[in-house]
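Protein chains in written order, with our numbering: chain R, 6 to 335; chain U, 404 to 744; chain W, 4 to 667; chain S, -4 to 139; chain C, 5 to 281.
These are computed hints drawn from the structure, not numbers from a lab. Please note that the accuracy of each hint is not assured.
Unchecked claim - These stretches of chain S come out as covered by chain W in the derived footprint (C-beta under 8 Å, 3 or more residues):
(1) 10 to 18
(2) 41 to 51
(3) 56 to 68
(4) 74 to 83
Unchecked claim - Partial list, derived from the structure: chain R residues whose beta carbon lies under 7 Å from chain S:
(5) 201
(6) 205
(7) 242
(8) 249
(9) 262
(10) 293
(11) 294
(12) 302
(13) 306
(14) 317
(15) 321
Built from N, CA and C at the ideal position, the CB exists for glycine as well.
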Amino acid sequence: MQEVTRDALLNKALELLKNGTVDRVLGYRVGEFSYDVTPAVFENEDALKKDFCWNSFCGANFSKYLISETAKTEKKLLVFLKPCDSYSFNQLLTEHRFDREKVYAVGVPCGGMLSGKDLREKVESVSDVSVNGDKVTVKTLFDGDLEFDFETLLSDRCKNCKSKKHVAYDELLGEDGEVLDSHRFDEVERLEQMTPDERFAFWQGELSRCIRCNACRDVCPACTCEKCVFDNPNSGVQNKAAADSFEEKMFHIIRAFHVAGRCTDCGECSRVCPQHIPLHLLNRKFIKDINSFYGDYQAGAEVGSRAPIVNYTTDDPEPSEAVERGHGNA
Amino acid sequence: MRKISLSKLPELFSAIAKTSALYLPVDTKAGAKFEAWAVGKTLSNALNTVRSAKDFFFPQTENLMDFKVEGKNIELIDTRKECEDFVLFGVRACDVKSFEVLDRVFLAEPQDTYYKNRREHALIISTACNKPQETCFCGTFGIDAAEPSGDIVTYRTDDELFFDAKTEKGKKLLDALSSITEEADEKAVDQQKALIRERLQKLPLKDLKTEGFGSGKTAEFFDDPQWKELSSACLGCGTCTFVCPTCQCYDIKDFDTGHGIKRFRCWDSCMYSDFTKMSAGQPRLTQLERFRQRFMHKLVYYPTNNDGLFSCVGCGRCLAKCPINMNIVKVMKALGGREDA
Amino acid sequence: MKRIGVFVCHCGTNIAGTVDVKAVAEAMKHEPGVVFSTDYQYMCSQAGQEMIKAAVKEHRLDGIVVCSCSPRMHEATFRKTAAAAGLNSYMVEIANIREQCSWVHKEMPIGTEKAIILAKAAVAKVSLNAPLTPGESPVTKRALVIGGGIAGIQTALDIADAGFPVDIVETKPTIGGKMAQLDKTFPTLDCAACILTPKMVDVAQNEKIRIFSYSEVTDVKGFVGNFDVTIKRKARYVNETLCTGCGACTEKCPMKKVPNEFNLGMDNRHAVYIPFAQAVPKVATIDPNHCLMLKSGKCGLCSKVCGAGAIDYKAKDEFLEERYGAIVVATGFNPISMEKFDEFAYAQSKDVITSLELERLMNAAGPTGGTLLRPSDHQHPHTIVFVQCVGSRCEACAEKGKEYCSKICCMYTAKHAMLIRDKYPDTDVYVFYIDVRTPGKNFDEFYRRAVEEYGVHYIKGMVGKVTPENGVLKVQGSDLIDNRQLHIDADLVVLAAAIEPDKSARPLATMLTASMDTNDFFTEAHPKLRPVESPTAGVFLSGTCQGPKDIPETVSQAGAAASKVIGLLCKDKLLGNPCVAHSDEMMCNGCSTCEKVCPYGAITYEDKEFRMPDRTTKVRRVAKVNEAVCQGCGACTVACMSGAMDLKGFMNKQIMAEVDAICK
Amino acid sequence: MQVNEYKPLIVAFCCNWCSYAGADLAGNNRLNYPADVKIIRVPCSCRVNPMFILRAFQRGADGVILCGCHPGDCHYTSGNYYTRRRMALLFSMLDYLGIEKERTRVEWVSAAEGAKFAATMNDFVETVAALGENKRLEDLRCKK
Amino acid sequence: MPEMKEPLMPVIGVVTDIRIDTPDVKTFRVVTPDGKKAFEHKPGQCAMLSVPGVGEAMFSITSSPTNEEFMEFSIKKCGCVTDWLHAMEVGQQITIRGPYGRPFPVDTEFTGHDMLFIAGGIGLAPLRSVINYCRHYRDRYGKIDIVYGSRSMQDLVDYKEIIDEWATDAGVSVHLTIDREQPEWDGHVGFVPNYVKELGFTTDKIAILCGPPLMIKFTLQGLQEMGFDKTQVYTTMELRMKCGIGKCGRCNIGAKYVCKDGPVFRCDELDELPDEY
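So here's chain R without its partners, still in its complex pose (with noise of 0.2 Å):
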């Protein structure tokens, strides 16, 4: 269901690479299958015409490279945005984690995203697949064609969609979004409805599974630090794995409690996650508790605002009220 084509975008950026404005291009690069689309900064026209992908697997948020690429040169990179992406965007400017002049950013409309991965778990070897407006037709090796709503298909963090309005860009295609009123919150809310008992054995269950690869910390666009606490040897909670269920937790929570206030809720962890943990869950009740603690707040939203957690007013809620109120009792 994508609005703009992929020869919408290729055609901005061969037209942007002509006229100088960009030197450039970050975009996908075509892959094995029609899911398996990898990030790849393009420098030239050919590569461009030759590889570059924009399809419904298009997932991944861009913010993040561009710290590495714009530190790498002092060239122009073009950079699409989908609306998420864009407070990302946004959210690394505030923390002046790359050079804005080094980017240009080109708004794509974004009807959602497809997850090859979720998707492979609901079809077995998938050999292609095809959007056509709102239905997918999935082909796969053994078992026919397939067809399904394109609803149906939506990656969790995409049903939720918090915004389909860009925050940033230099030149939009197509028609900018609205924010959204989305259901984000009734899976936090759901949990917080159980007795601390099932949350308790929810997650558990939940963070039990984490391997420690890192892909979450390392995808978010929030984690940018030099050096994670948890690499560093000096920090005393350096762990590699692990090596009990209190250091799975421990990394969790205190992952979500760095980027509290400042994760965007892109659903990257979660997408990313080979173990399948909600991670979202974790950051989505550090923002639901923000704004009912705090008022509304939405990284990103806009470039240099002060997030609730390094901000405080005199009459905030005492924390044992907060976590009753946390608790949707109040």
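The hints should help you fit chains U, W, S and C onto chain R, whose structure is shown.
Just chains U, W, S and C now, with coordinates in the frame of chain R:
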């Protein structure tokens, strides 16, 4: 050759579990996973488990030994224990092959006794792959998904499971199960093998070849300019390493419990930026070098030291799990696809 | 591994009564790093301290743990002991086994067990201690006072009296501030000008004081002891040194219809003007917005009449850069705007005025020469209604008013009412109030005099509406005591407008990295114990910039601020607290999170070039802590995700080691 | 009093200026509270990193309490306000993970509130003792 | 199963002597608690020392195998474990496992040859074991030349042993140099690679190099210019290892594992390795 009706699987599992611990793939909400069998648990239909079977021999973390420190004195406590016998049921051809790859590392002199202990007490029941996936390329490494190795090989038809014992150990177990299994002839199995082989021919990666890679090819690939492009999107996470059945790098760390020191081993990844970091410096500074190391190791270094055996079994897990969809297939195609290769 | 000595104090029986001190000393001998452990009757005694010194030498100790009373009691003592023994004084940790152990537990086994654990935690911490040295910085012996009202004047005079040079920066052409506009002052009814103007003259004549009037602070860099301040001297078009203040220019100026700010626009002044007769400096200023010469190049009369040749139409804004050791903020207040208070018809009727306007109307130097006349028709008002708390204590009307009490209104209204009744006994005076607040010396007596002796009608209740009708102000109000609605036809309505900090305060606070509350009043370093200091070291608060206050309070705070400044300037060097934050540049992201939580503005960022292992260089933004400014709270260390920011003396590792030791 | 009563381990982080002094005052006034409480002195409650709290639980603490100056009275003006936000979020998260919310607490204790300090500790120890051993945030390796 | 010897399982060692060599190098003498050598080794091999709770680190064994009483390790302070070791006092127990790696071929390729040892700074530590081995079996080798240089006189490791023992041996020539002039130094001044060239050795020797990477690079160039073949030159690599037994993957360079296939390499073997060391 023996067989059992699929409807009698619970009986079979219960019979095996009576003599030793039994692990088999079961479905969880996060995909198939090897779990200890218990009444009520059913065998997963998924092609393969999310995590590889290497965990049984080379777990994510394991305690190596303990120390007690008192003043200037140290007491070393050997915490090793004889492992109990266990049966691994439903291991796929690729994963069975991965045990050979791991063996050549851990059982090379000096032998790793932690690994050896578990390996010796394991009985592997493998299963041929009725329905391989588009990400499968075990054939590239000479693995026949229709003919896995293992102590016992099983084939599954629509209603029956066939057993073929390949080792003494396997025969012994099969004999012990003779009361609930029945004699079978090989026809049905041959038919199944033919079906599998036919399906293998339909796989998109069936033509991926290892030619050009292998023993002694360091110079051919090391300075290839394509590494830059291939590695550029790599996040440096350890997903590929940790789901890989053959990756075996580890780290040894000490943990101070407050009343003693536990020295443990845990998985490590050559993709991590601090993998080779030492106080004197860092020989692999960029992700390019670390990325290259992983693939060079699988495709060149390991074969050089192990009679041409590759350190990849084509299970396709990294294809499925890499956050940015970069994987060994793409690397092989890019590097092997050169005109001058 | 450090060589640590443990010294367990009996404190007579204070500790030894509940803690087996010998057992504690014995247990400590087995702790890693401990090479010496002993106990003694009174560690803090001369003999005890000598014992520590001797042990340091004999056992080559490089860390000391004293198990004794609270560190708040004797930490300083033992630090000195350590220093005397040649150790860094920060290589000492105290295990508090008296206040937090022997005194709160009764049973010996329990007390002993806990004391051992506390001692272990102290040992664990001291093993990770690093020698710390307090930073030193020189002190520029000059102070800056921002604001030339009574607060600034008093502060400047007191500092100058102690012999230190002071500069006053005042945005207006003259110093004097609000007090110069007042008529009489409560509760003594002495004339404001009579007590203020001599002080203004003192300032002008004091050799230590420089006045930068018609000037503002545009930039502040640096920190306590060494602030680099940029002062903008706005073009006055009159040479200050040449001008004699004769007033000839003013008389000849053809542009006569400029609203006179000093009289709150109730009369006019010329385009070239001296705000009032006693202005200091007594120098004319040309208002460029109205001067014909400056606007159109046609006139130049003033230049012609000026005997001193002081007029300079080509003058430009000038920027001065000065260095100061201390800065006093005395930016004062203003009444809030009454424009939004439609119910009182302030905008509609000239006869609805604020109390400050009334001050001018009653002042002999005011627009009416001191005779109380209605602004609309210059008639004598016979019925006057005062409305209290206009915009003060106004929870519901946050968009136009303030939540706080402006504090001075009750008293000045009583003063006004009393003065009016005294001078014009035929006038009826009504005061609508919510509460009358008169805490202060002779305040309540004063208020009671207004009611009892002068017959002012105090009505508890609020005015609902004022409607101008045929030259009369129809005042509709409620009397809460008699529970009835009142309708009064008034000739004059006086609004006790809430006061708010001067608008210049907010940008100034940003420049000073001084914190403000939500109402833009400067916050004090501690509301009780450090009321005249800002949390930012070297920045002090004087007068109403910190909160509403009356003149005596302002003056006493001004003096207090001055004494703090003098205390600071007396020092040749400032010794910092060495337990300050420190950023590890290798790990810092430069994300600015720490800066946001620093209450002192101690964190800045710089682009730093790093040599990478592959011999390339990379420029990265990293945080830098100004150790002279940091007070060591540690807020930044938790805000910092990467752990790059740590607090010396309370490092992450040290605290975790304590946790570990306690939980062992 | 029972002999084999379960003894919880409580770590109390106290800010140097108010709560630590409050604890000292409790001592001066000989106000009893259980010896299970072990105090760690920090300059300000805002120095307490969530990692310290988790670390304490890992190492076997059964309850962790933070004490700081009353809001508005922070020696560093704003430290405890940050503490309040941080801990509100952290505690809510711990509760979300199913960890007993009674095991963590923030209490404002001034230097004059020795009695409050003792009462708070008595109450907290009692609450945590009623919960029993910390099982949900324990590290088995650290068990004796 | 616990009877099986586990290569990762160390034995306890006791530090019985600590010698301060230079401002940042100390030499530690290690024996087992019952006063024996922990294990036998060959020159060039390493051992993993550890302080439980701090970590393990690999060090070359600097004492000669011919020393039957104890092992010695000369260790430069440069990281977490070495900091800890430097802070130790005599009597401290540590753990030790080994020996690891391929030794110098002292009993094969080296026998009968003239030996040229070239070391810079702490690089002497791994060579000390070979030098003393060659000195012990003096008749098996030809002439021995030792070129050793450091930043300053104070940074020369084992200075006393060099002067008192090595320099006095028959057939052993010691050539010392320091980087910069020093008042109390009357020997040669200059960098090792240049000094080697100045000394101008004949090419019938086996050369063993150890020192900082740049020194090795330039010395090797110099030797080649002088006519040495790479097959005549040996070096020992910087140690970055974890398991010591070629399994953990850390020290893997190309198809080699430094801990197993090294640390001693003949220089022509290095050419086959990718440039990652």
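Checked hints:
no.	hint	in the structure
1	10 to 18	holds (count 4)
2	41 to 51	holds (count 9)
3	56 to 68	holds (count 3)
4	74 to 83	holds (count 3)
5	201	holds (5 Å)
6	205	holds (3 Å)
7	242	holds (6 Å)
8	249	holds (5 Å)
9	262	holds (5 Å)
10	293	violated (9 Å)
11	294	holds (5 Å)
12	302	violated (12 Å)
13	306	violated (19 Å)
14	317	holds (4 Å)
15	321	holds (5 Å)
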